[in-house]
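K.L.:
Single-letter residue listing:
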Amino acid sequence: MTLTRRDVENIAHLARLGIEEQELPVYAGSLSRIIEFVEQLASASTDDVEPMAHPLEDQVQRLRVDEPTETDHRERYQQNAPQVEAGLYIVPKVIE
Amino acid sequence: MAIEWEVVIGLEIHAQLATRSKIFSTSSTSFGAAPNVQANLVDLGYPGVLPVLNGEAVRMATLFGLAIGARVARRSVFARKNYFYPDLPKGYQISQYELPVVEDGSVDIVLDDGTRKTVGVTRAHLEEDAGKSLHEGLGANSGIDLNRAGTPLLEIVSEPDMRSAKEAIAYMKKIHTLVRYLDICDGNMQEGSFRCDANVSVRHKGRHEFGTRCEIKNLNSFRFVEKAINFEVARQVDIIEGGGSIVQETRLYDPDRNETRSMRSKEEANDYRYFPDPDLLPLVLEDAWIERVRAGLPELPDEKAARFVAEHGLTDYDAGVLTASREMAAYYEAVVGALGGQAKMAANWVMGDLSGLLNRDGLDITASRVDAARLSGLLSRIVDETISGKIAKEVLEAMWDEGRSADEVIEARGLRQITDTGAIERAIAGVMAANPKQLADYRSGKDKLFGFFVGQVMKATAGKANPAQVNDLLKKMLAG
Amino acid sequence: MSLHLKSAAELGRGLAAGEYSSVELTRHFLGRIGQGNGRLNAFITVTGERALDQARRADAAIGAGRGGPLTGVPLAHKDIFCTDGILTTCGSRMLSNFVSPYDATVVERLAAAGTVMLGKTNMDEFAMGSSNETSYYGPVRNPWDEACVPGGSSGGSAAAVAARLAPAATGTDTGGSIRQPAALTGLTGIKPTYGRVSRYGMIAFASSLDQGGVLAQSAEDAALLLEAMAGFDSRDSTCVDAPVPAYATQLDRPVKGLRIGIIREFFGEGLDPATGDAVQAALDAYRRMGAELVEVSLPALPLSVPTYYVVAPAECSSNLSRFDGVRFGHRCRDPKDLLDLYTRSRGEGFGTEVKRRIMTGTYVLSAGYYDAYYLKAQKVRSLINADFKRAFADVDVLMGPTSPTPAFRIGAKVDDPITMYLNDIYTIGANLAGLPALSAPCGMVGGLPVGLQLIGPHFAEARILAAAHAYQRESDWHRRVPPAWA
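Protein sequence lines, in the order shown, are assigned to chains P, E and H.
The opening position of the first sequence corresponds to residue 1 in this note's numbering, with each subsequent residue numbered one higher.
The opening position of the second sequence corresponds to residue 1001 in this note's numbering, with each subsequent residue numbered one higher.
The opening position of the third sequence corresponds to residue 2001 in this note's numbering, with each subsequent residue numbered one higher.
Mixed in with the good hints there might be a few duds.
For the chain H half of the interface with chain E, some residues (derived, Cβ under 7 Å), not all of them [what the hints assert, rightly or not]:
no.: 1; residue: I2086
no.: 2; residue: Y2200
no.: 3; residue: I2203
no.: 4; residue: S2207
no.: 5; residue: S2208
no.: 6; residue: G2231
no.: 7; residue: F2232
no.: 8; residue: D2236
no.: 9; residue: V2240
no.: 10; residue: P2243
no.: 11; residue: E2315
no.: 12; residue: S2318
no.: 13; residue: S2321
no.: 14; residue: R2327
no.: 15; residue: Y2342
no.: 16; residue: S2366
For the record, the hints were derived by calculation from the structure and aren't laboratory data.
A virtual CB, placed ideally from N, CA and C, is assigned to each residue, including glycine.
Bound conformation, chain P alone (with noise of 0.2 Å):
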């Protein structure tokens, strides 16, 4: 599979990453040779075969009693965030 230029600007649009017009070219060359790579995994012959999405199959998910311990820290939490206004994440405005 090769990927275009065209390509990869959409899939850095779903992603929301900002890719310079020079750079896409580049990333059009390693992304196809990576999913050229990858391609190889078509000759496994995978029918009947479950996936595996976790890797320790006996354990299942474990139920957490419904306990609220959290206390207020939104000042301290907060001095990581570039704006904030009356408590208030602030982005460009949102659109509906």
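Put chains E and H on the given structure of chain P with help from the hints.
P.N.:
Leaving out everything else, chains E and H in the frame of chain P:
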């Protein structure tokens, strides 16, 4: 020849589960806190933190599945739905996709004309709610509040089984009733605890294949659901009849203008790239666990209504009204219990005068100013003939306004019914003496004047005379 | 013997015996970091004051008779572990301003064991790399040859311990990121069973593969440290609730009678002959010690690299979506709208390799490609897992090389991602199957160390640590220190 159109509706209901803490974090879910004070590291999607599943959310979803006769999955899987939005801190929503916890159930609805219909529930799955974007007073910016992020949601997806806005409302109300009976959702639509998206399409009646559907979002009241669907149906029919075709899209209902409009921002090709969330393991529910949940199932509205009909002799309609909310049904049952019967009278009073007062003051039955014990106290005074039904209405209003018991009001206002035959006879004699002409007319055959004499006697006794006795005695004495 | 030439276990014993204080020890290592870090670039952050503080508390604990085997022993943490109140960068511009408000479980546990944190070590950006060249903070140099890479992604931890700037360090391993740098710098590095060590506070790369572990001077040190950091943590749903064995007391298990499976697929084309010879010599040593060697074949294993390069990027593309310039991390200047905020913050904040992997992962998960790539890879992952299971039905431990070559020169492989990815050809299998695996030094080629890899069945950490320890009693490769740093 005019074409007959058939409307096809499916609903996706989002019910916030009434857990105390969030689905994947230990933050509180309580409503109305200052922005972001109930958003911990997990809710904020901080680097390195991980989700841990709240067992109570799973129990609630299971309870719902059992209540609608669905299959509760012995194994279900959490997946990630990937998209960027500022109110979605991780850039993905944890949801269930291929393997939901509840599949294949149904509920029965009753329409206004009394017809019954079964609506299929395709699935119900657990997921996390997003935060909120606020726009007021922030100029060119928006502000993000993540208090709601991570609140557990049960997304209940119906089959496209509904054929009118009325059916959709009946279904939505049924689910609303059910989640409140199960005590898994507070059902508060104003606060967004119970929300709905509607998938609407139209087709020529008799056709099998569905028309192109539109998804309408932002339906946060029963009234809006009805209006939005009706608007949308008219819009789609107009387009098709004008030679156009429907574009599959997401539309937003605007209650101020009563119209739906395209959400172009959502139209951009969505590719959610679902895949199993590697931070969470498969949710496996043992039979024994499910049975323990089943043991906690309350009597459901349909069962309760059937019992009211069979055991209390109520009509289907009355039973339906009284079981529309668990609290209303409990109130009614408490009244009947205290009275030791008199179900029909109890039902009439709860649905009539009491509901009238509740509506007048905008109160929920749980906040009624006359509780079930006091109402049964009042009704027992009708039964023992201390007061008449008519006086009882006045007593109830006084109880409501003054916060007193029926007996206190009856005493204070001297409303005790007069059942002393001598006293009633004296009153009748007085009326007869004061109205010789009417008496003469009556005796000469004007039977209709009987009502006049009843009225006069009641007036003379300030309405307190026992009406049945008045009738009997009047007949005798007027006859001479 | 100079303090820095002692192993962590030896230092623990010396501290307990009062031969030196933790403050002295901490000053000694801080001094070495001060002198050597400019050359190696092994640390991103040095936490001198906090270290001395912890050292004083450790000395007090020892004085009060409350010390354990690691009380007062300094070590370094890979900068992927969140550390409360301290810059935690993950080797990325994206987090170059990020002060974590909490400690990772690993950090918390090692602190509770009395260890002293010297600082945070350099790494490939978001752990994506095999040479430590993708770090926003620049490449790390290999103390054995400063023109060479130390391996990656835990390259800073490897270089720091190899140069004895720290007695031991934490690392993480998603596809070989502990074992490969351990091999390339002459260290003993262990990646435990998936779920053995909590991932809470470890910034995620690929959640179904990531596992924390140790880079140390010996199997004994690795055992001590792993014991302190492993165990159940309710904050990580994938962390296994099973007791942690006392690894350090089980090191003397005999090798005699141990059935060792030699993985045929690891000795084919692509393996540097001299590296192969060194590994073969180590296997011979095991035979002499009484182990039984059998050749095993894992036919699906050659597909582990393509499987990994679907699964890991898929998970990473989603894991890294949270870096959006809204709540923490890098934000572009003057975003003109929301889309601009996202694309520029992320475009500027992530380096080339990270962007490449996010895009690979986005692609393999996207509509129309999911089945062919992601689902297919998950199925092949099943095949690889089944191969391992079959092998462990017959043998106790699997062995082979850790890395196909010794350390390569900085810049040699940066132009071709596939060549770089193939560095992990022998290590990825253990991650896909969640198996514990260890690399121990077993020779030198051209003045550069070579690693022997030991892979065990799930939760057989004690077994592979003991097997490595037995070898280390018969050999001295693990005691060698780069001459410039002795």
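K.L.:
Run every hint past the structure and note whether it holds.
P.N.:
Quick rundown of the hints versus the structure:
1. I2086: violated, 13 Å
2. Y2200: holds, 6 Å
3. I2203: holds, 4 Å
4. S2207: Holds - the Cβ of H:S2207 comes within 7 Å of chain E, reaching about 4 Å at its closest.
5. S2208: holds, 4 Å
6. G2231: violated, 16 Å
7. F2232: violated, 13 Å
8. D2236: Hint on H:D2236: holds, closest Cβ of chain E at ~5 Å, below 7 Å.
9. V2240: Interface hint status for H:V2240: violated (10 Å vs cutoff 7 Å).
10. P2243: Violated - the Cβ of H:P2243 stays beyond 7 Å from chain E, reaching only about 20 Å at its closest.
11. E2315: At 6 Å from the nearest chain E Cβ, H:E2315 passes the 7 Å test, so the hint holds.
12. S2318: holds, 5 Å
13. S2321: With a closest approach of 2 Å, the H:S2321 hint holds.
14. R2327: holds, 5 Å
15. Y2342: holds, 6 Å
16. S2366: holds, 5 Å
In the structure shown, a violation is registered for the earlier hints numbered 1, 6, 7, 9, 10, in ascending order.
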